[in-house]
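Chemist: Each chain, letter by letter, is given below.
2 protein chains.
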Amino acid sequence: MSHDLIKKIFLPRFANTALSVGDDAGVISLPGGERLAVSTDSHVVWPLFFPGGDIGRLAVCGTVNDVAVMGARPLYLTAGFILEEGLDFSILKSIVESMQKAAMEAGVEIISGDTKVVQKGKADGIYINTAGVGLIPGDVDISGRNAKSGDRVILSGPIGDHGIAVLVARGELGFFSDITSDVAPLNHMVSSILERTRNVHVFRDPTRGGLATTLNEIAQQSQVGIVIHEPTIPVNPSTAAACEILGFDPLYVANEGKLICIVAPQDAKTVLDVMHESPYGEQAVVIGEVVENPKNRVLEKTSFGSTRVVDVLAGEMLPRIC
Amino acid sequence: MSHDLIKKIFLPRFANTALSVGDDAGVISLPGGERLAVSTDSHVVWPLFFPGGDIGRLAVCGTVNDVAVMGARPLYLTAGFILEEGLDFSILKSIVESMQKAAMEAGVEIISGDTKVVQKGKADGIYINTAGVGLIPGDVDISGRNAKSGDRVILSGPIGDHGIAVLVARGELGFFSDITSDVAPLNHMVSSILERTRNVHVFRDPTRGGLATTLNEIAQQSQVGIVIHEPTIPVNPSTAAACEILGFDPLYVANEGKLICIVAPQDAKTVLDVMHESPYGEQAVVIGEVVENPKNRVLEKTSFGSTRVVDVLAGEMLPRIC
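Protein chains in written order, with the working numbering: chain A, 13 to 334; chain B, 13 to 334.
Some hints could be false.
Where chains are identical, the list cannot tell them apart; a pair therefore holds if satisfied intra-copy or between any two copies.
The list that follows gives simulated cross-link-like pairs (lysine-lysine, DSS-like), each with its CA atoms no further than 25 Å apart [to be verified]:
1) Lys307 - Lys160
2) Lys307 - Lys105
3) Lys20 - Lys132
4) Lys313 - Lys281
5) Lys20 - Lys105
6) Lys132 - Lys307
7) Lys134 - Lys105
8) Lys20 - Lys113
9) Lys160 - Lys313
It is worth saying that the hints were derived from the structure and are not from the lab. A quick note: this is a predicted structure, and the numbers were derived from the prediction, not measured.
All chains should be built: construct the whole structure from the sequences, respecting the hints.
Modeler: What follows is the structure, encoded as structure tokens:
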């Protein structure tokens, strides 16, 4: 529905280059020549607290990552809070402390804030919007449009943990698990990679819609094909088991601390080395490559040797996961 | 409550210069020397449509104005939508069209967007967050801290229309009126003033909490007193009548298209002249002056010749007015 809304309602009316490119952040050029990446995300995750994180950490990391994947150094965040009347002060305090901690880890400052209160029953505890501003170094040109045939597709670690951790935390599934959300700021890993090589074509974090949706977006933006290899894609055993029980494909489950990096083959080892040194990239692997055809498509070579088309999901599989 | 929250929960944890100054937007300096004003506002106004505007126009103008009152030229907005499941597509379309129209009037581009959908009953149709980025010209230094004893306080027009228009639109009062919200982008008026004189000390738009709250904020930021003269403060007759029936003081009712400008006495006429030429400033008047004592206080000389202290309200008089 989000895809549909964006195409039918928003894009025709807010037409401008930054938006129609379809990257995670808009890129703007200032008169002085500096380029900024600007992004926004509203967070409505339920429950507010889940193993590995909470709505506060999510709100900071989500926007930090959207800015970072443009190759930008995230500097500043704004935070807009919608509070449901009667929200426990201690819950709010704990969420704000978590935001502070995540902002410190990411090295960003929250420079503008706003709070609105709505009546009981008109929100679900708290919704948080963050917007982020980051500075793009002069010689960096990273976009979902830049994938080239022959490029390698690198993934920083196992997929699906965030979505499943939140779902389990709702307590509606009738089972418990040790799955922890991967929610984390990826900007330091991005900076470290760019320090070693400026030759990155695409960065992207596979959030809502999961790895499958993000790779499809990149394939369409770059008008290329992407082939991934099922056996190489890391999935934690508990998450794989939960997905099997629930009938989910982990390729479509949201992540909040994973980085996709698409580079020329000769740069793949450098990127992998840097990721392996990062606390959030220890299990980084090459999961596939960019091909010329079929254009705008993602294919998966399965463990059984067959090939299947990895489509974009029509609906939202897991609502309020972020 | 918002004041309380900000002081007790947010400020201690998000401590940084931009936030603690207490202006409507945070000011950041880029390595290249350019300064940006960055601001955010979440909008939860109810009803979504009211005479003179709607939540879409409000979301654009609110943030445009917060950026403009820093003396900045608003350039870019982000927009985050929280939609209640089942929201009528035609309502969304009409709100987005209104945003587009307001953005065109203000001359800003919406460069990043996000939509989240929550279950029926977990929001009230639609909430919209906007964040804005504007460029501050090199020689402009405008802040609520800059009011000086002897300065004149100029108000661009009649107060209280927005709050009362929204309240009447709720249909709970048992009466109707011809009151129209003043919601409007003020950035062109701000630019026109700055083209004629760079010597503006304070710009501010008196939104939530009304003129009284905003003047109190300025008095505290600048550590000065502000004296206003009741007979000079413009209030439309219908709004004055509604306030009388409802027991409201128009000084505390929200505006969404009014500008306060504080300047040295010799610059007052220039500012008034420019305001009078603007479509949103035809009724601009000098309403008072800045005094050295009593510090951090706003006083009103009433029509009867007496003087009263204009305090900050403890609670929120009108919830969900913006």
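Chemist: Next, verify each hint and record whether it holds.
Modeler: How the hints compare with the structure:
When the C-alpha separation of Lys307 and Lys160 is checked against a cutoff of 25 Å, the pair qualifies only within one copy, where the shortest distance is 11 Å, while the shortest distance between copies is 65 Å. Taking the closest pair of Cα atoms, Lys307 and Lys105 never come within 25 Å of each other, the shortest separation being 49 Å inside a single copy and 33 Å across copies. With identical chains, the CA atoms of Lys20 and Lys132 are at most 25 Å apart between copies only, with a shortest distance of 22 Å across copies and 33 Å within one. For the identical chains of this complex, Lys313 and Lys281 are intra-copy neighbours only, at 22 Å inside a copy versus 75 Å across copies, given an alpha-carbon limit of 25 Å.
For a Cα distance limit of 25 Å, the shortest separation of Lys20 from Lys105 across copies, 9 Å, qualifies, whereas the shortest one inside one copy, 39 Å, does not. For a Cα distance limit of 25 Å, the shortest separation of Lys132 from Lys307 qualifies neither inside one copy, at 49 Å, nor across copies, at 39 Å. Taking the shortest Cα distances, Lys134 and Lys105 sit within 25 Å of each other both inside one copy (21 Å) and across copies (22 Å). In the homo-oligomer, the alpha carbons of Lys20 and Lys113 lie at most 25 Å apart only across protomers (17 Å), although the nearest pairing inside one protomer, at 38 Å, exceeds that limit.
Taking the shortest alpha-carbon separations for Lys160 and Lys313, only the intra-copy value of 20 Å comes in at or below 25 Å, while the best inter-copy value is 71 Å.
Taken one by one, the earlier hints fail for this structure at numbers 2, 6, listed in ascending order.
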